[in-house]
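Generate coordinates for the entire structure from the input sequences, incorporating the hints supplied.
Chains Y and L, in that order, are what the protein sequence lines are.
For the first sequence, counting from 1, position 106 maps to 106 in the working numbering; every step adds exactly one.
For the second sequence, counting from 1, position 300 maps to 763 in the working numbering; every step adds exactly one.
For the record, the hints were derived by calculation from the structure and aren't laboratory data.
Note that this is a predicted model, so its numbers are computed, not measured.
Glycine included, each C-beta is placed from N, C-alpha and C at the ideal position.
Keep in mind that the hints are not guaranteed to be accurate.
[Said to hold, decoys possible] Computed beta-carbon distance windows for the label pairs:
#  : chain 1 : residue 1 : chain 2 : residue 2 : range
1  : Y       : E70       : L       : A534      : 50 to 58 Å
2  : L       : W748      : Y       : R163      : 19 to 27 Å
3  : L       : T468      : Y       : G334      : 45 to 53 Å
4  : L       : R668      : Y       : D69       : 40 to 48 Å
5  : L       : S670      : Y       : G27       : 26 to 34 Å
6  : L       : A628      : Y       : E70       : 35 to 43 Å
7  : Y       : G334      : L       : T502      : 19 to 27 Å
8  : L       : Q657      : Y       : H86       : 49 to 57 Å
9  : Y       : E70       : L       : D818      : 37 to 45 Å
10 : L       : W748      : Y       : G357      : 29 to 37 Å
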Amino acid sequence: MSEPYDLIVVGGGNAALCAAIEGAEKGCSVLLLESAPKVYRGGNSRHTRNFRCMHQGPLSVLTGSYTEDEYFDDLMRVVNGKTDRHLARMCIRESEKCLPWMEAHGVRFQPSLSGTLSLSRTNAFFLGGGKALVNAYYRTAENLGVTVLYDAEVTHIHLDGNRVTGVDVRSKGETATLQARAFVLASGGFQGDIDWLCRAWGPSARNFLIRGTPYNRGVVLRDMLDQGAESVGDPTQCHAVAIDGRAPKFDGGIVTRLDCVPFSIVVNNQGARFYDEGEDVWPKRYAIWGRLVAAQPEQVGYSIIDSQSLELFMPSVFPPIKADTIKDLARRLGLPGETLKATVDSFNAACPTDPDGSFHPTELDGLATEGLDPPKTNWARPITQPPFYGYSLRPGVTFTYLGLKVDETARVYGADGPFANLWAAGEIMAGSILGQGYLAGFGMTIGTVFGRIAGQEAASHVA
Amino acid sequence: MSLDTPILTEAARQVDICNACRYCEGYCSVFPAMFKERTFASGDITQLANLCHNCRGCYYACQYVEPHEFALNLPAALAEARQESWERFAWPRAAARVFHRSGVALAGALVVGIALLFWAAAALQPASGKGFYAVLSHTAMVAIFLPAFLLPLTAIGIGLTRYWAEVGGTRVTLAHLLEAGRSAASMRNLAGGQGQGCNFEDEDRFSNARRHAHQAVMWGFLLCFASTSSGTVLHYVFDMHAPYPLFSLPKLFGVPGGVLLTAGATGLIWLKLRADRGLGAPAVWGAEMIFVLLLGLTGFSGLALYAFTGTDAVPALLAIHLGAVLALFLSTPYSKMAHGFYRVAALIRDAQIKDRQTP
Ligand SMILES: Cc1cc2nc3c(=O)[nH]c(=O)nc-3n(C[C@H](O)[C@H](O)[C@H](O)COP(=O)(O)OP(=O)(O)OC[C@H]3O[C@@H](n4cnc5c(N)ncnc54)[C@H](O)[C@@H]3O)c2cc1C
Ligand code: SF4
Ligand code: SF4
Numbered sequence: 001m002s003e004p005y006d007l008i009v010v011g012g013g014n015a016a017l018c019a020a021i022e023g024a025e026k027g028c029s030v031l032l033l034e035s036a037p038k039v040y041r042g043g044n045s046r047h048t049r050n051f052r053c054m055h056q057g058p059l060s061v062l063t064g065s066y067t068e069d070e071y072f073d074d075l076m077r078v079v080n081g082k083t084d085r086h087l088a089r090m091c092i093r094e095s096e097k098c099l100p101w102m103e104a105h106g107v108r109f110q111p112s113l114s115g116t117l118s119l120s121r122t123n124a125f126f127l128g129g130g131k132a133l134v135n136a137y138y139r140t141a142e143n144l145g146v147t148v149l150y151d152a153e154v155t156h157i158h159l160d161g162n163r164v165t166g167v168d169v170r171s172k173g174e175t176a177t178l179q180a181r182a183f184v185l186a187s188g189g190f191q192g193d194i195d196w197l198c199r200a201w202g203p204s205a206r207n208f209l210i211r212g213t214p215y216n217r218g219v220v221l222r223d224m225l226d227q228g229a230e231s232v233g234d235p236t237q238c239h240a241v242a243i244d245g246r247a248p249k250f251d252g253g254i255v256t257r258l259d260c261v262p263f264s265i266v267v268n269n270q271g272a273r274f275y276d277e278g279e280d281v282w283p284k285r286y287a288i289w290g291r292l293v294a295a296q297p298e299q300v301g302y303s304i305i306d307s308q309s310l311e312l313f314m315p316s317v318f319p320p321i322k323a324d325t326i327k328d329l330a331r332r333l334g335l336p337g338e339t340l341k342a343t344v345d346s347f348n349a350a351c352p353t354d355p356d357g358s359f360h361p362t363e364l365d366g367l368a369t370e371g372l373d374p375p376k377t378n379w380a381r382p383i384t385q386p387p388f389y390g391y392s393l394r395p396g397v398t399f400t401y402l403g404l405k406v407d408e409t410a411r412v413y414g415a416d417g418p419f420a421n422l423w424a425a426g427e428i429m430a431g432s433i434l435g436q437g438y439l440a441g442f443g444m445t446i447g448t449v450f451g452r453i454a455g456q457e458a459a460s461h462v463a
Numbered sequence: 464m465s466l467d468t469p470i471l472t473e474a475a476r477q478v479d480i481c482n483a484c485r486y487c488e489g490y491c492s493v494f495p496a497m498f499k500e501r502t503f504a505s506g507d508i509t510q511l512a513n514l515c516h517n518c519r520g521c522y523y524a525c526q527y528v529e530p531h532e533f534a535l536n537l538p539a540a541l542a543e544a545r546q547e548s549w550e551r552f553a554w555p556r557a558a559a560r561v562f563h564r565s566g567v568a569l570a571g572a573l574v575v576g577i578a579l580l581f582w583a584a585a586a587l588q589p590a591s592g593k594g595f596y597a598v599l600s601h602t603a604m605v606a607i608f609l610p611a612f613l614l615p616l617t618a619i620g621i622g623l624t625r626y627w628a629e630v631g632g633t634r635v636t637l638a639h640l641l642e643a644g645r646s647a648a649s650m651r652n653l654a655g656g657q658g659q660g661c662n663f664e665d666e667d668r669f670s671n672a673r674r675h676a677h678q679a680v681m682w683g684f685l686l687c688f689a690s691t692s693s694g695t696v697l698h699y700v701f702d703m704h705a706p707y708p709l710f711s712l713p714k715l716f717g718v719p720g721g722v723l724l725t726a727g728a729t730g731l732i733w734l735k736l737r738a739d740r741g742l743g744a745p746a747v748w749g750a751e752m753i754f755v756l757l758l759g760l761t762g763f764s765g766l767a768l769y770a771f772t773g774t775d776a777v778p779a780l781l782a783i784h785l786g787a788v789l790a791l792f793l794s795t796p797y798s799k800m801a802h803g804f805y806r807v808a809a810l811i812r813d814a815q816i817k818d819r820q821t822p
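Dropping the structure here:
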C-alpha cells in the first residue's frame, strides 16, 4: 500500500466505479477503497434495477422519447421545488450520454421487468440488476489497472488548507495513511449508522429497517462536516418506503417491498386506520407510506386484505399471515381483535354497495368510501371474502439526503470555497439535487453523471 | 410450505424470493416461466430445474448470496432438484442412484464394457471378414449392441413419461417441437440472454466457452450417431459393408463428429476444473467428470480406430471404442447423458406453457 497513486476513490458503488474508470482512462493510477468485503461490494448500487435516462428518440432498450423538460418536470413534482435547478438540468442532460458510456463499459440493459411496464420509456433496466452492473464495472476497472482494496474503511480525510493530503484507511485491524494527488468521495449516505438516524429522527428510528448496505455509515461525510465542509440537505430527510415488517434489519433490498396497500386497509397496532390507502396508484404513493408508518406507535402498520385481492399485486417475499376470520387474523398479527373487527366492519359499511364492475386495480377507479374518516378514495371494496390475509409494514430507509455541497464539476466546498483536489459523487452529494422526495432511477443517474465528472476533473487536475 | 422432498422445498424457497425480485428475468427461460406463477408445487420446480442450464448468471448477479440470510444459490438449488428428479424418474431407480452418484461405477461400467468386447473378440472370432468384422463379426456386434441400444431407450422412455406426468405436460404439437429444437440447437439458455454467454470458468466474467464446448459435444455426438446409423443403413439396405472410404456417409459424419466430440469434451473438462463446484450439485461432480471423459474417449477412440486402419492396433482399439460406446449407451438412462432427454422435454413443456392456447 506504499505506492503513491494519482487518484484515490473512496467507496465501491456505482459513483465510485464511474469515477475510477474515468480517472484510469484518462491515464491516472487509481486506488479504490471499499469498506465492504468483496461479497458485499457495491453498496446500495448492487440493489438497484434501473437508471432514469433522458433521450430524444428510442435509445437502447428505451422506447419513445423522454425530453429534458419532461424529466425536469417529473423531478420538480417530487422534490417540491427543493433542488438546485442548474445542477438538476445538467444532470438530466448528461444522462443521455451516460447510457452508451455504460454499455461501452460492460453494463447490459434489458427491457423493463415484468410488472414495471410503466417505466419502459423512462428507465433503462440492468440485465441481472445492480449487482451485475457493479460486477461489470469492477471487471472494467481492473482491466484498466485500477487497484481495488476491499475491507478498507476510510476513517479520516487529512486536510491542509484547501487541499486534501491523504486519507486514513483501516484495513484488517490496522490503520494507514495513504497519499494521492486527487481524491473522490463516493461513500454513500449515513443510513447505516442508526445512532445518527436517531439523532436526526428521534428514538423511533431504532425501529427503521435499512433497505440497503450496512456499510454506508457516513463516516467520511461526518469527518468532512466536522472539518467544515459545506453541507446541503436536511438531516431529517431520507427516502423511506413502507416495506415488509419481517425484512432483515439491513440489505433486504427490493424483495421486501409490498404492493398490497392500495387494495387493503392499513391499521396501526391499536387496530385503527390512519390514512387514505387509495389516494393514488402505488408507484406514486409508496414513498410517503414510509413516513406514515414511522409516525405510528412502534413504527409499525398492518395491511389487511381478503382473498379477492391476494393476486392483484406482485408476489411478496414472505407469505402473508392467513386466517379464516378477522378476529383470528388479529390474534395472529398480535392486534386487538375486537377493534380490528370493528374497523373492518365500519370500513365495509362505508364501501359502495355494489362495486362489481367498477373496481379497476390498475387505474384510479374512484370507488370511494362514504362518511369514513380517514376515507379510502379508490379501490374501496369490502373485505369480506375469507381467508383473510395480513402483512406487517415498517419504514425502510433507502438513503439519507444530508450531503456534501458540490458544483457542476462535482467539486466539494469548504468554508472558504472549493477544495483544490477533492470531488464527490453519488449519495454523498445527492442532497444537492434531491432536497426531498425521490424519482425512481434518479439515484443511479446522479451517481453515474457526477461519478464520471468527478473522475474526469480529478484526472485533469493530476495531468 | 413444504414440497415433496427437502431439495424441492429448498428450491421453492429460493424461487419465491426470485419471484419477488425478478432482476434476472433476461438471462434465460427459467425466470419468465417462473414469473407466470405465484405458488410452486413439486412439478413446477421440477420443470424449472430441468429448464435451467446452470449458466450461473443468476448466481453472480444475485445480491442475496451467502452470507446474506436469504442464502440464494439458484443454480445449485436447481441443479440438486434436477439431479434428484432424474433419479426419481429413472427405471429402475437403483441403477440411477449408483451411476449418478459414483464416477467409479461409471468407470467400472466402461472397464466391463471393454472387457466384454475383448472377450467377445476372442470367443467369437470370425473365420473371415473385412476390417472390424475380421475382429468381431457383424452378427456378434449386432447381438451385443442392439439390446444395448434398445434397453436404455426403453428406460429413458419410461423416465420421460414419468417426467411428463409430474410437470403436467399436454399433447405435443409440431410447433412445440420446433421451438424446443431451435432452443436446444443454439443452446439459447447458455447465451446469457444477449449472447454474452455464461459465468462459468472465471466467476462473473461472461464467456461463450462453455456454450461452444457443449455445442461441440452435442453436435459431435449426433454426427457420430448419424455415422453409425448411416453405416447400419448401408449395411442392411444397400448391402455395402465396412470399412467405408473417406467419401462415404459414415466417414463424412464420423470424422468431424469424432473431432468435435473429442475437442468439446476436452473443453468441458478444462472448464469444469475451473468452475466453482458449489454452484452445481457437488455430490455428482465426480460422476459427471467421468461421464465427460467417457464421451471424449468414445470420440477419440473412434478417430484412432480410423487412423490406425489396417494395423495391429485395430483389435485393441476396436475393443476400447466399442467398450466405451457400450458403457455410454447402457448407462444413458442413469448417467449425466439422461440430461439431454429431460432438457429437451423441459424445453417442449416450456414451449407449451408459453403458447397460451395449451394450458
Ligand atoms: C433496495 C434499493 C433499491 C434501489 N433501486 C434503485 C434503482 O432501481 N435505481 C436507482 O437509480 N436507484 C436505486 N436505489 C438508490 C441507489 O442505490 C443509490 O442512489 C445509488 O446506488 C448510490 O450510489 P453510490 O455509489 O453513491 O452509493 P453506494 O452504491 O451505496 O456505494 C457507497 C460505497 O461506499 C462504501 N463506503 C461507505 N463508507 C465507506 C468508508 N468509510 N470507506 C470506504 N468505503 C465506504 C460502501 O461500502 C459502498 O460500496 C436503490 C436503493 C436501494 C436501497
Ligand atoms: S437470483 Fe437473486 S437477483 Fe436473480 S432474480 Fe433471484 S433473487 Fe433476484
Ligand atoms: S443458472 Fe442460468 S439457466 Fe439456470 S436459472 Fe440461473 S440464469 Fe437461468
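Hints versus structure:
1. E70(Y) and A534(L) have their C-beta atoms about 42 Å apart, which leaves the hinted 50 to 58 Å range violated.
2. The hinted window of 19 to 27 Å between W748(L) and R163(Y) is violated, with their beta carbons roughly 56 Å apart.
3. In this structure the supplied range 45 to 53 Å is violated for T468(L) paired with G334(Y), their Cβ-Cβ distance being about 34 Å.
4. Checked against the hint of 40 to 48 Å, the C-beta distance between R668(L) and D69(Y) comes to roughly 41 Å, which is consistent with it.
5. Distance hint check: the CB atoms of S670(L) and G27(Y) are about 29 Å apart, consistent with the given range 26 to 34 Å.
6. A C-beta distance of roughly 54 Å is found between A628(L) and E70(Y), which places it outside the suggested range of 35 to 43 Å.
7. Separation of G334(Y) from T502(L) is about 26 Å and conforms to the stated range, judged on CB atoms against 19 to 27 Å.
8. Between Q657(L) and H86(Y) the beta carbons are some 37 Å apart, a value that contradicts the proposed interval 49 to 57 Å.
9. Distance hint check for E70(Y) and D818(L): the Cβ-Cβ separation is about 39 Å, which falls inside the suggested range of 37 to 45 Å.
10. In this structure the supplied range 29 to 37 Å is violated for W748(L) paired with G357(Y), their Cβ-Cβ distance being about 58 Å.
Figure legend: structure checked against the earlier numbered hints; hints not met, in rising order: 1, 2, 3, 6, 8, 10.
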